[in-house]
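Number of protein chains: 4
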Amino acid sequence: MSSPPAPLRRFASDNNASVHPRVVAALNDANSGHAVAYGDDPWTEAASQRFDELFGRPVETLMVWGGTGANVLALASLLSPAGAVVCTDASHINLDETGAPEFVLGAKLLDVPHADGKIVPEQVAEFGHFRGVVHHVQPSVLSITQSTEWGTLYTADEIASLADTAHSMGMKVHLDGARIANACAALGGTVETLRSFTVDAGVDVISFGGAKNGAMYGEAVVFLDPTLATSAPFVRKQITQLPSKMRYVSAQFLALFTDDLWIENARRANESCRVLYDALDGIPGIDRGPAPSVNSIFPSLDPGLREAVRDWSFFYDWELPQVRWMTAWDTEPNDIEQFVTGLRHFAASL
Amino acid sequence: MSSPPAPLRRFASDNNASVHPRVVAALNDANSGHAVAYGDDPWTEAASQRFDELFGRPVETLMVWGGTGANVLALASLLSPAGAVVCTDASHINLDETGAPEFVLGAKLLDVPHADGKIVPEQVAEFGHFRGVVHHVQPSVLSITQSTEWGTLYTADEIASLADTAHSMGMKVHLDGARIANACAALGGTVETLRSFTVDAGVDVISFGGAKNGAMYGEAVVFLDPTLATSAPFVRKQITQLPSKMRYVSAQFLALFTDDLWIENARRANESCRVLYDALDGIPGIDRGPAPSVNSIFPSLDPGLREAVRDWSFFYDWELPQVRWMTAWDTEPNDIEQFVTGLRHFAASL
Amino acid sequence: MSSPPAPLRRFASDNNASVHPRVVAALNDANSGHAVAYGDDPWTEAASQRFDELFGRPVETLMVWGGTGANVLALASLLSPAGAVVCTDASHINLDETGAPEFVLGAKLLDVPHADGKIVPEQVAEFGHFRGVVHHVQPSVLSITQSTEWGTLYTADEIASLADTAHSMGMKVHLDGARIANACAALGGTVETLRSFTVDAGVDVISFGGAKNGAMYGEAVVFLDPTLATSAPFVRKQITQLPSKMRYVSAQFLALFTDDLWIENARRANESCRVLYDALDGIPGIDRGPAPSVNSIFPSLDPGLREAVRDWSFFYDWELPQVRWMTAWDTEPNDIEQFVTGLRHFAASL
Amino acid sequence: MSSPPAPLRRFASDNNASVHPRVVAALNDANSGHAVAYGDDPWTEAASQRFDELFGRPVETLMVWGGTGANVLALASLLSPAGAVVCTDASHINLDETGAPEFVLGAKLLDVPHADGKIVPEQVAEFGHFRGVVHHVQPSVLSITQSTEWGTLYTADEIASLADTAHSMGMKVHLDGARIANACAALGGTVETLRSFTVDAGVDVISFGGAKNGAMYGEAVVFLDPTLATSAPFVRKQITQLPSKMRYVSAQFLALFTDDLWIENARRANESCRVLYDALDGIPGIDRGPAPSVNSIFPSLDPGLREAVRDWSFFYDWELPQVRWMTAWDTEPNDIEQFVTGLRHFAASL
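Quick note, the sequences are listed as chains D, L, S and C, same order.
Numbering-wise, the first sequence is residues 1 to 350 according to my numbering.
Numbering-wise, the second sequence is residues 1001 to 1350 according to my numbering.
Numbering-wise, the third sequence is residues 2001 to 2350 according to my numbering.
Numbering-wise, the fourth sequence is residues 3001 to 3350 according to my numbering.
The shape of chain D in the complex, shown without the other chains (with noise of 0.2 Å):
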């Protein structure tokens, strides 16, 4: 019995998507002439004017090159000396950078065990007996993920206590935000909601992501508090995350931000994955867990039938048993019929 055709779009991650063709577009757009190249140019610019209209209020945004450039560079932006990064052990910084915070800013991560992939206030709180105390690392950022390395969320009053807490105790709040866009969408999906969970609820500093969203590269890192980035130009060359052409970055953004493509973008990812999610009711040897809140799910699976699925369309193990899967922007309902259908064919052989 022969394998059924393997989906055009898998289900690894939604950093193996392909780029929209509206910012396809743009990048045509933007290729034209000669631009001052690291930063000063006019999509830039108006990247810059976006992000402050997305937030209601004066931002800052340095356009970097990718997600663990982003959160280095906003880490180092919130760091005091001494300092440590409060995060889950869950964490992309803390688990999927190969230690790039610590190499690069030789900052410790204190990763507490997350539930469902979040952090709880009084799990920030059991550092305060850190404070003053020369021999410990001085707990000095927050950084929480939104939507999360486990495909939660946390609400906006959540992510209001947590800074609450980080602020009482002198800390910055950073929000990795790879998959801000998911979130966002997942939570009502207007300016509004972004800013509920963001600048309303008092975080500081965004890792806000592009490539995971129908852009080619390139992340921004929004200061929210825009005295906090006086140092971060610097910081952004210095840490390798300058991008030269960076016309090509903003104009992408751009094209996020036109007629709402970046929550358009999420909502589909975000869509795809209840329908993948709906359609695995009932296959043998497959828990599928908890309904998705944006567009990945986490299911166990038997090891035959893991093993046998991941050779026909590849995807990452996330803590066995569960295995990740993933839509994207680009899932189509064609792709999601064959992954199942596959599901079934493998599931009835063993």
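Hints are computed from structural coordinates only; laboratory data are not their basis.
By construction, the Cβ of each residue, glycine as well, lies at the ideal position given by its N, Cα and C atoms.
One thing to keep in mind: the hints can contain errors.
What the hints assert, rightly or not - Reference listing, derived: stretches of chain D covered by chain C, where coverage requires no fewer than 3 residues with Cβ under 8 Å from a Cβ of chain C:
no.: 1; stretch: 46–52
no.: 2; stretch: 134–148
no.: 3; stretch: 232–243
Said to hold, decoys possible - Listed next, with one range per pair, are the computed distances between beta-carbon atoms:
no.: 4; chain 1: C; residue 1: Y3316; chain 2: L; residue 2: S1300; range: 27 to 33 Å
no.: 5; chain 1: C; residue 1: G3128; chain 2: L; residue 2: S1300; range: 49 to 55 Å
no.: 6; chain 1: D; residue 1: P333; chain 2: L; residue 2: D1029; range: 21 to 27 Å
no.: 7; chain 1: L; residue 1: S1300; chain 2: C; residue 2: P3321; range: 47 to 53 Å
Take the given structure of chain D and dock chains L, S and C to it, following the hints.
Frame of chain D; chains L, S and C shown alone:
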């Protein structure tokens, strides 16, 4: 008297240039379906193979975001403990990367005075007395730039001689090739040319530039000795230089290597510079300096003229009174005419 | 009712102790004429030889200023690129060195929950899935503490088992021996004892403590495998840990190794702790916890009692309600009597 | 013809000297009972007060292990993000600390050619064009050495002028005072002398040396502006420079400050150097160079003589053909006589 129209394509930097249409086309072509992120995709495999062919041996090629990142990754791979990098004071790593090698890697740069952008073997050898002395950093990398920050070229023999000296001291050789295409075009323009001053001359690792040669973004770190790359894939992520959707970087290199576009782009830039240089002859207030070897000249301008021209068509100071004017792959004859017309205009006004 | 007299020698830390008279005498003896700085002196040569004899093989010994420095130098020598250190959450390197390994070396610590201060092989093995994955740090060092921060001991077999696991994963083994003398004394007190849980068990590098064992200052980093020490002399200076007038460090170790003073000092500290523990029996408001293995106990005190006693004779919290009381080489029976008298006094007052 | 006896106290370095008997006595006196570790002890409190008195204002004083550590802590406290240190190429931080500032702090040193070990304001000012340019490190500290690595002295006016220039550029001023006592003794030897070239001249932080001035070990980092020391206690631990049994460091400074022993020691060293210099007059094969300002001279020796003498009584090359000969607090007239007798002996033999 009103100013003449400024050129559409300025002479500030080849970083200000646009992206070559064939590179844009390649990006469009790559934009279909899903591809595994982080390099396990067909474009990256093909690009790696093209680098092998270019150098006539199995090399190890790692795509990165930008030039500073390429240099930091290359140096990270070559530095021994307590190791230092010997380079010129004018080198990009020393002068124009905001101390990235020191900050990210903790490595000391031992910079020596350049002569026309170049270093000579005696300047490397003088650090021999550091070896084995615990109070001194241990010279472990020689980093040279080809073409140099002053628009000059090392001959293949000069590089071989430098590499011999370095290797005899237990050092490795890094070549910052942000403009390696311009160098290759100027020295012969063939694959043999490229090999003569790199692999045949004893260079160990190259930062192979794309962005200044008609690409949108992306550079390649090419380990001519693949055994030096053992840790590089990990370090690349750790220093924030692992592109997620890597196919889009690799597709650009594939386009540049198709029908020798990379050489053609460089040759056009180099030739335009010669045209510009010739057209400067006899303009009052300008000492045009030596003729260009590649795509940059460093004329000395009277201060009043300098600022008037800069206001009209931006460029950078280099080492005053010298400024840097640079052509790019997309410089058009009309740009040069307009620029020179402007120069004559402002020279006459002062 | 007035308080009883506080003990002359308190129970806060063996770091609060004085210097043993025979160490002082050795310092006086060494203080004559000139000696080449930085280690090329007869005392350092003799001390190195004594370490060779102690471990029954040619080891490489580097004197450093302090314990944190010793640990950082040891880890620096063992870490591979993108490497990380597996340790317990209670380890000194993780908790009490203000993030020195991260700051100075850029290395991530992968801390796991301790059980009585110890780690088990399974906790090391669980990082096996990090290996070869570019997004994760690469576990390259296992660091254990003997005796531990919770006053417990690994058996020689336990260390051998941990080292086997680590080595099978390509990792090296560091032993933080700030209190290695206390461990050795408790486990048998002979040269064979020392070797059984270090060189015979597969430990690669030791931070060999002096300051907590009757010295004034100074620790030794002992490379049981000398090939790992190739770069260490350079790195020692680079991390600010090269003592200039090194003879005075080495002379102290020579004194400690003469007539097994190091073991005698440790045995006295350990025995005093047992006396203290026994004397705590039945004092209201104190749960004295498990009997000591070495020179520390971790009793739980009622909060009121805790603060009253602390005001009278300072000590540190450990993990509340547990505090740490510690004896030293110079603890006298009278100190214990006075301390216990005070405890009974305050317990009766509350 | 056999060689004459070598001097008991050689001329290689003041680091080779012994410890002054009054310092030893102070160590003995401090060695009684327990004292809280890490600085909360009466000796450290008293020493801090003595530093306040010395500088005539409340300063912040932090004891550290050694000179490189003192410099690194001082620089860490003064560096701004992306900041760099301007210094001479001959400075200890640049040449003789194995790249510690770069490695530990990630900071770039902007070294300029020294003139007799000194830097002039114009050399500082030339980095003004780096300010505000994101591609360049930001000069944020000027580090000078007094007395210099070439045995010369800045006048108080020269330091004031350098500090004015630095401050006008937004920079802070660090003084590496590994031999500050020798400088103070040479320039007048009073408290007013010390203040004239430090606090009155605008110096912000001093590495205040002990080890070369009759101490066993230990240096002090003195923040003349205490507001700069906010993070220093944490950073001191983080860079491995927090002495545990700190009373023994502080007791040494107390001894040095009693009855101006620190000045007396320095004056004796300086005077011995003058005696040595005078005795060199007319020895064939030796160009003794300029007369000493403090305790070092840099004679040029014929190569054969140089090696013969070095084999007999060790010393260091400085910048060949110049070597460094140095006296110390404990240099005796007989040492000089024996050394000069030897010099004449070897000079006659060649």
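Out of the numbered hints, which ones does the structure contradict?
1, 4, 5, 7
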